[in-house]
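Engineer: The residues making up each chain are set out below.
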Amino acid sequence: MTSSEALVRVEGLRKLFPLNAGFLRAPTSFIHAVDGLDFAIAPGESLGLVGESGSGKTTTGKLLVRLLDITAGHVFMQFDGQVLDVARLQRSDSKTFRRKVQMIFQDPYESLNPRRTIFDTIAEPLQVQNIGNVLDQQERVAELLNLVGLSPPSTYLFRFPHELSGGQRQRVAIARALVINPAFVIADEPTSMLDVSIRTSIMQLMQNLGTQLGVTYLYITHDLAVARYMSTRLAVMYLGKIVEMGATEEVLQRPQHPYTKALLSAVPVPDPRWTRTPVEIKGGISKPIDPVPRCRFYDRCPLAAKVCEDNDHPPLEDKGSEHYVACYRV
Amino acid sequence: MATEERHNPFATAQPAGDGTTLDQQERERLRAQPLWRVRLKLLAGTLWNNWKLFTENKIGLIGLAIILFYAGLALAHPLLMGRVWDPLIYDPVIGFDPLAAPHPAPPSAQHWLGTDPLGRDVLSQLMFSTASEFILGMVAALITVTIGTSIGALAAYFGGWIDTFFMRLADLVITLPAIVLLIVLGGLFTLDLPLLALVIGILSGFGATTVIIKSQALTIKVRTYVEAAWVAGGSHWHIILRHIIPNLLPLTFLYMMFTVTDAIFAEAILSYFGLLNIRMSWGLMIHTTQSAGYLLNFQTWWLIVPPGLSITLLCAAFYLVGRALDEVVNPRLRKR
Ligand SMILES: Nc1ncnc2c1ncn2[C@@H]1O[C@H](COP(=O)(O)OP(=O)(O)OP(=O)(O)O)[C@@H](O)[C@H]1O
Ligand code: SF4
Ligand SMILES: [Mg+2]
Numbered sequence: 001m002t003s004s005e006a007l008v009r010v011e012g013l014r015k016l017f018p019l020n021a022g023f024l025r026a027p028t029s030f031i032h033a034v035d036g037l038d039f040a041i042a043p044g045e046s047l048g049l050v051g052e053s054g055s056g057k058t059t060t061g062k063l064l065v066r067l068l069d070i071t072a073g074h075v076f077m078q079f080d081g082q083v084l085d086v087a088r089l090q091r092s093d094s095k096t097f098r099r100k101v102q103m104i105f106q107d108p109y110e111s112l113n114p115r116r117t118i119f120d121t122i123a124e125p126l127q128v129q130n131i132g133n134v135l136d137q138q139e140r141v142a143e144l145l146n147l148v149g150l151s152p153p154s155t156y157l158f159r160f161p162h163e164l165s166g167g168q169r170q171r172v173a174i175a176r177a178l179v180i181n182p183a184f185v186i187a188d189e190p191t192s193m194l195d196v197s198i199r200t201s202i203m204q205l206m207q208n209l210g211t212q213l214g215v216t217y218l219y220i221t222h223d224l225a226v227a228r229y230m231s232t233r234l235a236v237m238y239l240g241k242i243v244e245m246g247a248t249e250e251v252l253q254r255p256q257h258p259y260t261k262a263l264l265s266a267v268p269v270p271d272p273r274w275t276r277t278p279v280e281i282k283g284g285i286s287k288p289i290d291p292v293p294r295c296r297f298y299d300r301c302p303l304a305a306k307v308c309e310d311n312d313h314p315p316l317e318d319k320g321s322e323h324y325v326a327c328y329r330v
Numbered sequence: 001m002a003t004e005e006r007h008n009p010f011a012t013a014q015p016a017g018d019g020t021t022l023d024q025q026e027r028e029r030l031r032a033q034p035l036w037r038v039r040l041k042l043l044a045g046t047l048w049n050n051w052k053l054f055t056e057n058k059i060g061l062i063g064l065a066i067i068l069f070y071a072g073l074a075l076a077h078p079l080l081m082g083r084v085w086d087p088l089i090y091d092p093v094i095g096f097d098p099l100a101a102p103h104p105a106p107p108s109a110q111h112w113l114g115t116d117p118l119g120r121d122v123l124s125q126l127m128f129s130t131a132s133e134f135i136l137g138m139v140a141a142l143i144t145v146t147i148g149t150s151i152g153a154l155a156a157y158f159g160g161w162i163d164t165f166f167m168r169l170a171d172l173v174i175t176l177p178a179i180v181l182l183i184v185l186g187g188l189f190t191l192d193l194p195l196l197a198l199v200i201g202i203l204s205g206f207g208a209t210t211v212i213i214k215s216q217a218l219t220i221k222v223r224t225y226v227e228a229a230w231v232a233g234g235s236h237w238h239i240i241l242r243h244i245i246p247n248l249l250p251l252t253f254l255y256m257m258f259t260v261t262d263a264i265f266a267e268a269i270l271s272y273f274g275l276l277n278i279r280m281s282w283g284l285m286i287h288t289t290q291s292a293g294y295l296l297n298f299q300t301w302w303l304i305v306p307p308g309l310s311i312t313l314l315c316a317a318f319y320l321v322g323r324a325l326d327e328v329v330n331p332r333l334r335k336r
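Protein chains in written order, with the numbering used here: chain S, 1 to 330; chain B, 1 to 336.
The set of hints was computed from the structure by calculation and includes no laboratory data.
Only a predicted model underlies this, so the values are computations on that prediction, with no experimental measurement involved.
Where is the CB? At the ideal position from N, CA and C, for every residue including glycine.
A hint or two may mislead.
Now the in silico label distances, taken between C-beta atoms and shown as ranges [claimed, not checked]:
hint, chain 1, residue 1, chain 2, residue 2, range
1, S, 114, B, 44, 13 to 23 Å
2, B, 181, S, 114, 36 to 46 Å
3, S, 28, B, 176, 31 to 41 Å
4, S, 152, B, 171, 50 to 60 Å
5, B, 47, S, 74, 43 to 53 Å
6, S, 90, B, 44, 38 to 48 Å
7, B, 44, S, 155, 17 to 27 Å
8, B, 181, S, 92, 46 to 56 Å
9, B, 176, S, 290, 39 to 49 Å
10, S, 208, B, 35, 24 to 34 Å
11, B, 25, S, 134, 17 to 27 Å
12, S, 134, B, 44, 13 to 23 Å
13, B, 160, S, 292, 31 to 41 Å
Derived DSS-like pairs (lysine-lysine); straight-line CA-CA distance at most 25 Å [as the list claims (entries may be wrong)]:
hint, chain 1, residue 1, chain 2, residue 2
14, S, 319, S, 261
15, S, 95, S, 62
16, S, 261, S, 287
17, S, 62, B, 221
18, S, 306, S, 261
19, S, 95, B, 221
Quick look at which bits of chain S chain B covers, simulated, 3 or more residues with Cβ under 8 Å [what the hints assert, rightly or not]:
hint, segment
20, 90-104
21, 126-134
22, 152-158
Take these sequences, add in the hints, and give me the full structure.
Structural biologist: Listed below in structure tokens is the structure:
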């Protein structure tokens, strides 16, 4: 993918959260929640962002929709030939930005206002962006309810969230994200709060709608099986860094980074013929507070060597066929 | 069909064929009911549900019954004055009954609650005052919650210096003893009823009410649906008006009830000290009794019991309704 055809291009994206800041007192340290990400997403593809809890997935997602201010770096998005720099959105650009970029949140019990009807919830992007009159909006919302499998729409339009199940609520949240025809949707673990039995149907729905409406996804999850199902490419995150990235099957079949290998060895294998050498990693994930300049994975890495300690975190390098790995010993 | 030819604002969004577009029947069902009527119905439904919850609580119903009883008294007074009672005798301020002397006269067929030391009918005074008590309470409550809700929501949402300023102000107002302040104000200016309502409204609006509503607003501000509204393109005002304030309203309503109690109580105390410029009120009735030397005289109980009991009952009634509403808006408090 050349950079000009990318829908989203992220360069050196960073987010630091200050710690111990006080009134008139400068913060003494920072959490490096997202620490220099570089990736691009082509139109129509779906990039899966996987990693343990605390690796910075949600923070990345929130930076891309500007729910958080960007500490450093660039996020370029290109819609209909118009290039936006998300870190420095102009007033005139922000209108395009809000029409083209949407987010689906993790918890459908939290992401719907309990006092607003399903209609008001789904129509919100249309209402705040002044798209169509009330009748248009009503029809559009009904159409979306059909699309996400809540039909007939008239039985759902004027109900309140507490009258719906978790799965139905997440369908409503998906409808809200898609109602203005976004080009890029960030989905932050949209199935992790749902019953296992309905996860698959929600994932299927998102995939079908993605293809049908031409939506590009950034799909955040900690579940490799979900990532495998939902994404064409995969980026593995560890403490604010991408440690491995490539085509989904390539990364899962031929993982190269010790962390990815460890993650994969933790997943139960449905195929009995597939043997895998288990990888041991020590300890759990910590918080990236003022990290020392060495490989972020050093403390837990079974392959750790002097080179990993003496140098800063390894750069993400192409190991052939767009399979990127950040490791000195691969 | 003409409607089909209208400009389609979602031009790129025509999901093809597979049953995802609306069929004609569904479309007509949507058009059959205008949105405002649907919303009205929903509102009625919500109110009805809340009413059912409210009625599950006995103390709330007792409070409501007392409030309705006094509202009845207030409404009946002008009717009685117009049709039954002779204004020369029964006027609450300038009436005088020469036949009932010596005053204060005990309850009788003509004067159910007797007369006061100036020969005026106590029942008429009591009923006449009720309306002002209600108006005072309501106006003060409205001012309180208007200030409390807007300042609370703004301080929680924007934080920063707005928050700091109003919270320090609230600390200041809370530490001021309101009654003492009102007495001082009453000594310096002639306080009348509208001014009293304003002062009480402002004091409680910038004081405790703001702090409580702000802390509630803080919990709403961090909800994911607020983030979703922002991602949808909503402005700060959209979020404050459509997400934060609607979720504050139940609490707001609750604090209205408590402010009414405070206002009626403050009126009684100020009138008792003769610091309120008002034609007639429950507090003033006690003041008259006291200045004529009958305050602790149990033989003339009819002078002190009706206004004293009314103040207590009406204050308690609004408080009880508030408590019951608390259970409606905070489901965690509900026992079941
Ligand atoms: N608002 C914030 N203030 C301070 N620190 C934060 C904030 N948000 C996130 N962090 C920290 O940044 C790091 C990354 O958090 P993030 O929520 O992005 O992780 P995640 O990968 O989404 O994890 P999870 O799987 O638990 O959702 C964590 O260490 C977290 O404690
Ligand atoms: S660079 Fe070294 S420490 Fe880091 S992952 Fe590779 S081998 Fe492990
Ligand atoms: Mg997360």
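Engineer: Of all the hints numbered above, which does this structure not satisfy? Sort the numbers upward.
Structural biologist: none
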